[in-house]
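In order, the protein sequences belong to chains A, B, C, D, E and F.
Residues 326 to 608 in the working numbering are what the first sequence spells out, letter by letter.
Residues 326 to 608 in the working numbering are what the second sequence spells out, letter by letter.
Residues 326 to 608 in the working numbering are what the third sequence spells out, letter by letter.
Residues 326 to 608 in the working numbering are what the fourth sequence spells out, letter by letter.
Residues 326 to 608 in the working numbering are what the fifth sequence spells out, letter by letter.
Residues 326 to 608 in the working numbering are what the sixth sequence spells out, letter by letter.
Hints are computed from structural coordinates only; laboratory data are not their basis.
Do not rely on the hints blindly, as some may be mistaken.
Identical copies go unnamed one by one, so any copy, or any two together, can satisfy a pair.
DSSO-like cross-link-like pairs, simulated, lysine-lysine; straight-line CA separation at most 27 Å [unchecked claim]:
| # | residue 1 | residue 2 |
| --- | --- | --- |
| 1 | Lys-600 | Lys-497 |
| 2 | Lys-600 | Lys-441 |
| 3 | Lys-497 | Lys-355 |
| 4 | Lys-607 | Lys-535 |
| 5 | Lys-602 | Lys-355 |
| 6 | Lys-607 | Lys-588 |
The residues making up each chain are set out below.
Protein chains: 6
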Amino acid sequence: MASSTPTYKHFLVTYPAPYIAHVQINRPEKLNAFFEAMWLEFRTIFDTLSYSPDIRSIILSGAGDRAFSAGLDVEAAAQGGILAKQDGGATDVARKAQAIKRHVEEFQACISSAEKCEKPVICVLHGYSFGLSIDISTCADIRICTSDVKLAVKEVDIGLAADIGTLSRLPKVVGSFSWVKDVCLSARIFGAEEALRVGFVSHVEPTKEKAIERALGMAKLLAEKSPVAVQGTKELLNHARDNRLADSLRYTGVWNSAAIQTKDVQDAMLSGLQKRKPTFAKL
Amino acid sequence: MASSTPTYKHFLVTYPAPYIAHVQINRPEKLNAFFEAMWLEFRTIFDTLSYSPDIRSIILSGAGDRAFSAGLDVEAAAQGGILAKQDGGATDVARKAQAIKRHVEEFQACISSAEKCEKPVICVLHGYSFGLSIDISTCADIRICTSDVKLAVKEVDIGLAADIGTLSRLPKVVGSFSWVKDVCLSARIFGAEEALRVGFVSHVEPTKEKAIERALGMAKLLAEKSPVAVQGTKELLNHARDNRLADSLRYTGVWNSAAIQTKDVQDAMLSGLQKRKPTFAKL
Amino acid sequence: MASSTPTYKHFLVTYPAPYIAHVQINRPEKLNAFFEAMWLEFRTIFDTLSYSPDIRSIILSGAGDRAFSAGLDVEAAAQGGILAKQDGGATDVARKAQAIKRHVEEFQACISSAEKCEKPVICVLHGYSFGLSIDISTCADIRICTSDVKLAVKEVDIGLAADIGTLSRLPKVVGSFSWVKDVCLSARIFGAEEALRVGFVSHVEPTKEKAIERALGMAKLLAEKSPVAVQGTKELLNHARDNRLADSLRYTGVWNSAAIQTKDVQDAMLSGLQKRKPTFAKL
Amino acid sequence: MASSTPTYKHFLVTYPAPYIAHVQINRPEKLNAFFEAMWLEFRTIFDTLSYSPDIRSIILSGAGDRAFSAGLDVEAAAQGGILAKQDGGATDVARKAQAIKRHVEEFQACISSAEKCEKPVICVLHGYSFGLSIDISTCADIRICTSDVKLAVKEVDIGLAADIGTLSRLPKVVGSFSWVKDVCLSARIFGAEEALRVGFVSHVEPTKEKAIERALGMAKLLAEKSPVAVQGTKELLNHARDNRLADSLRYTGVWNSAAIQTKDVQDAMLSGLQKRKPTFAKL
Amino acid sequence: MASSTPTYKHFLVTYPAPYIAHVQINRPEKLNAFFEAMWLEFRTIFDTLSYSPDIRSIILSGAGDRAFSAGLDVEAAAQGGILAKQDGGATDVARKAQAIKRHVEEFQACISSAEKCEKPVICVLHGYSFGLSIDISTCADIRICTSDVKLAVKEVDIGLAADIGTLSRLPKVVGSFSWVKDVCLSARIFGAEEALRVGFVSHVEPTKEKAIERALGMAKLLAEKSPVAVQGTKELLNHARDNRLADSLRYTGVWNSAAIQTKDVQDAMLSGLQKRKPTFAKL
Amino acid sequence: MASSTPTYKHFLVTYPAPYIAHVQINRPEKLNAFFEAMWLEFRTIFDTLSYSPDIRSIILSGAGDRAFSAGLDVEAAAQGGILAKQDGGATDVARKAQAIKRHVEEFQACISSAEKCEKPVICVLHGYSFGLSIDISTCADIRICTSDVKLAVKEVDIGLAADIGTLSRLPKVVGSFSWVKDVCLSARIFGAEEALRVGFVSHVEPTKEKAIERALGMAKLLAEKSPVAVQGTKELLNHARDNRLADSLRYTGVWNSAAIQTKDVQDAMLSGLQKRKPTFAKL
């Protein structure tokens, strides 16, 4: 894929193994802090990977050793972005509100692209993983982290209720609502052990290198399986999170009425009987 | 009850104590793998127990030492069941889809009978507990397991997104969405310790014997209490899982407007004051 | 605030630090058991604190060493309250049902006032914390407890499905549905360690004194932050719990279209740069 | 079909044209009033027609000239059915409530079978069409009536809030909520003109004969079209009624991902170009 | 009832027949325009009538010949009420937003009291019926009007999206969304004929006197019926409007599990057989 | 605006009066039938108008005298678009299903842009208005038509359940579900009188010229009003359609907490008192 794949300005996208993309937030000199052009590019990348038949699973991490991401680049935002929007001088409150709403909705849509992506996304949190890092990681399917990670829902400390998804998704990815409120209201830093205990991450590795290695192992495992099965599983689990049981069962029935007709089922079963590894067509 | 109770072909149903039924999947020579006649009978059993005034709590386990259930009997399914449905030769895709949808919906309804059952169901997972075992166990109210249990959401490995309820229910019975996606996407085997840590089961016992003993203790405890209170609690908790807070509170108020008129409340309170064990009428 | 603040009959409300209220259930001689006048006053207090610009965070505990609350005062209830309602002699079942429904709905509304309260509520559970204690604590935002706490969803033992909110809220504040059903169906007592493991509480302290101290530390931390940010965070997390993702993101966008226009954002960011503690206007 | 089709005890089912069934409530001597065996048979009939590949549209009417149905046979109900349930002598209120709930739910499920039926149902209302007639007709897809029809939501007049579906469905099949409440609260009789004006029926014919003729014309028209398209349209409209727009669009996309693969699309388009009538395989 | 009933400052409440209350907005010299004290009193009245066993149906109209209500008293609002809230000088946008939100929510709750009222409310619209008149009337159960009524959703003309319920309820009480948007976006005046055609009202009478007479006739008819049946019907229809079919059927089953146990059913049936008018106990 | 505004390939966009855009489907030689490039451009246009401060209301019609639109260009679709997707030769059913789903979702999103557009859209239906015309028009806010219009939900006639929005939206814009099912299942042509009677359109004009004139009059009226009020009204009505009452009221409160702070309210009220026409800042 190497030669024909696009290159990006703020992200490093590599293909460490067949069917696997590794997306790195690539602004290590600023602790991978985000400004507007970055989240627009983030969407482009995940929209592209979502439909690419050459990709079956995705790893997301930050470039460099120090941070997944320090979050929003507050300085940049104060100069021309969302946080500057509110002091536009003469403008009317309702008109400013409309402009902010449009801005927030686009920002949300960019970050949500990782969740909408049809392929599973494994997020490796390491170093500073503040604010927007949490918004982003809650869009991923599987979260793992390094033992030295520093996690925080930081927004309250700049006078904000987090608006790019953390408050909407965190109560749905972690079961302890007391803990969710504790970290969201206090903006306190929490570490790997706590993240594992409450279920925010599902694995901890001692170093970033080991964590990437583990993520790659998981990504490879998923990439070997039927993409019809894997992508259907992601879709149905996301549907279940937001819907009542009866709706979810009904949707599952309709989804599988086409999906089960895939040749992959025969191939997977036959391979199982023959103790060999099946290969599956692209999707 | 012994003489008049029905006997079943694929399940062993016993009554180890007053008001308690023990349902065992009874095909140990095939690791309790399911074929169509079995899930139809499963529904018959739970529908019967649901309305039987002689039953107040139910234990569900697999016969034999080796497995709760290895899941769907894939061989049988490939020959005449759901997984064979997709190669019906001449048939039109939309018409096959309709046939599959009807089949999946009936299969879902059969397994859901354990959840709809008005009496609490305690599921003892032991040995191989793959695929359909997870679908079934997520319909139970309380899950306990043995320390040697081998659990897996296996469907992806046969090219399928699990369709009989696991993907719809698992995100609602376990709080860590990262873990749920990990096990559903990877189909990997996980054990008792992990199941306890994430809250999939609420107790682990060293052996199947001990686990059944514990389940029986729990079942007896529930059977001694007011069936109006116990069955109302199951109903209201299931309602709460699928509904928003305000709806759930409203439904609770209407439910209890009849339930609180039961004589059981007076009897339970009086017995409490008199330090004796109350007995309650059948329900 | 001392001189002008109202005093209450059944609760002790103190102001241990600026912007902080400490509400104590104040009937220690009866293990803080509730009768009707108490939950009516409970609502008055939380409605008042909700709108008071002088309050930014609230601690809730029981007076005395022995109990947060033993729950409903069953004796009082049997004489003239809800549990007596069902033996009104001549009355028609449907008419009694209507009276019960009105009673339950008002009772629910009183307890829900802690959840609707715009300020975060930190609940310190200690000693006996039975029945209504669980209903109340699930309305709080953050739960911490002492290591000797005795917790129980006791209602089944008096012939009732809990109706003041526990069954509606517990599945939404704890991720393990198996555990939730276990404790709600069995009415068994559980302790601090178990409560922490399943995420019902987020911290355990060895004594009531230490727990209050920790709660006070948390309350102070929250009180120093922008009240626009803190109260918005509470609102958005509660909205998220009950709504689907897309609705929650949309609501967040509209909420923040006004909230981000606050001067607090500038103040918080500037203070951050200048390494000093910001102060925020009342809300 | 004549020889092999089942005959029913309380309904007359005929096949007036290819792919069309005409179901008549067949107890004209009692104005087609319902007792329990009838609604159980009603379900059997609609469940059978739903899956029968020989049926593509269904007409539902009452036998005889006088009534579609006078509703519930109150006398029968008072002796041994639902309305007798409440004076079971010694029984506990909560236990009676449970028995009633089970009864109502089964009754609702029987009548709902006409709605769940995969084939479109055209209901011809004529003569007395009281109480249960409205419950039944709101499960049909299309309602037409004779100009002399006498319609009424009669339940209030026997001390009941209608419980078999009218109150749940009527607000969703007629747009004027003021009118819906008027007729449901007052139990007053209304006629064809009013029913047409508010949209409860979509056509009025002068006589029963003419109305059946029109229904047959409509049924034939539907039976000539692709059953994949017709049955999908029914399913998607019913889904839309109960779901929000975004969910409905998403469900439509998944539904059609299989349905559009049908050969019927090619056949229908080709026939359109060739100005001939297409024929479609059974479904 | 005359002597013991409370008198109100801004409303005239009379009892023209047994079990019937007639509530008149009583500020005719200002075309019954509302200021804050009025909507607070409005809530007090409907909350009182809701629980009063002496009332079974309610008529709501405006005092005087000229108007049901001209809507919000804009002058009063501009001086000290909601519309003045936005120019509070020095205050922060987010803090003003919070104050406005609290104000709107309380205003909404006051007007919603007519909808929450357990007894059916018949609203007679006459003369000027602008702005808040529509909010109020959509809370009523049945709307009738005079032929000279002047109706308008006026809020857009003072720079507002209507916020006290019209935009939330109108799409649910009238079936034509095109018409709803037309009148809400344009703020144009519409009359009785149009209101009847689209189903906003269910009857038109030539004069206010005739309309009150008709409302009284309807109110009497409802008051003669079982209050268990009538009030249950209101509750279930309101529940149906806001819930999906399956939820609505389930709620109906639980509701009726207590309601059907009423003696009213036996009395109503027996009276029917004996061709005499039943009387029912208070509720 | 003339010189700087973009021109489009398949649509004619003119600006007949200040703040008003008129969008015409511009392929009259093919009865304005749609192919893929057209719906992509449709989205571009409505997304642009949605944010353009120079536009306050939009008219949508078809170019030429013969048709609003004949619907999907079936020939084009059969060659390379959605309807050709199903015969991709070798491809797997599940993989084709995925391709179709992506295609349908994008198509839906394009057409939905008219609904998401922040400005009100008035749709003028005239001549042939088949298939996709109905999908499009149900996204508009207000529908008017000519007396000679020929309307039809045509999809069933090409073997399809309509998938671009008609089946999802029609039950929500017209109150008579019997009528909705009649026209969707039968694909029959209906005219202006019927469309008006059931509320699908809110006005009928004798000719296209008159209809455009009326639409222009409505558009001008809306354009003179506060855009904060008009656009808020559209947003809140669309929210109400899809949400339950309590959610809708809550959302309204939050929306208006910013919107009411607009200067437009003061200006509108003052202008009202001074009997002059206010002017409002752009939005």
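Indicate which option fits the pair Lys-600, Lys-497 if close means a Cα-Cα distance not exceeding 27 Å: within, between, both or neither. neither (38 Å within a copy, 35 Å between copies)
Intra/inter-copy verdict for Lys-600 and Lys-441 if alpha-carbon distance must be at most 27 Å: neither (34 Å within a copy, 39 Å between copies)
First find the shortest C-alpha distance between Lys-497 and Lys-355 inside one copy, then the shortest across copies, and answer within, between, both or neither for a cut-off of 27 Å. This pair counts as neither: shortest intra-copy Cα distance 31 Å, inter-copy 38 Å.
With identical chains treated as interchangeable, where does the CA-CA distance between Lys-607 and Lys-535 reach 27 Å or less: within a copy, between copies, both, or neither? Answer is neither: 29 Å inside a copy and 48 Å across each miss the 27 Å cutoff.
For Lys-602 and Lys-355, with the copy left unspecified, which applies at a CA distance of at most 27 Å: within, between, both, or neither? between (44 Å within a copy, 24 Å between copies)
Same-copy or cross-copy closeness of Lys-607 to Lys-588 [CA-CA at most 27 Å]: both (12 Å within a copy, 25 Å between copies)
Checked against the numbered hints above, the structure violates hints 1, 2, 3 and 4; every other hint is satisfied.
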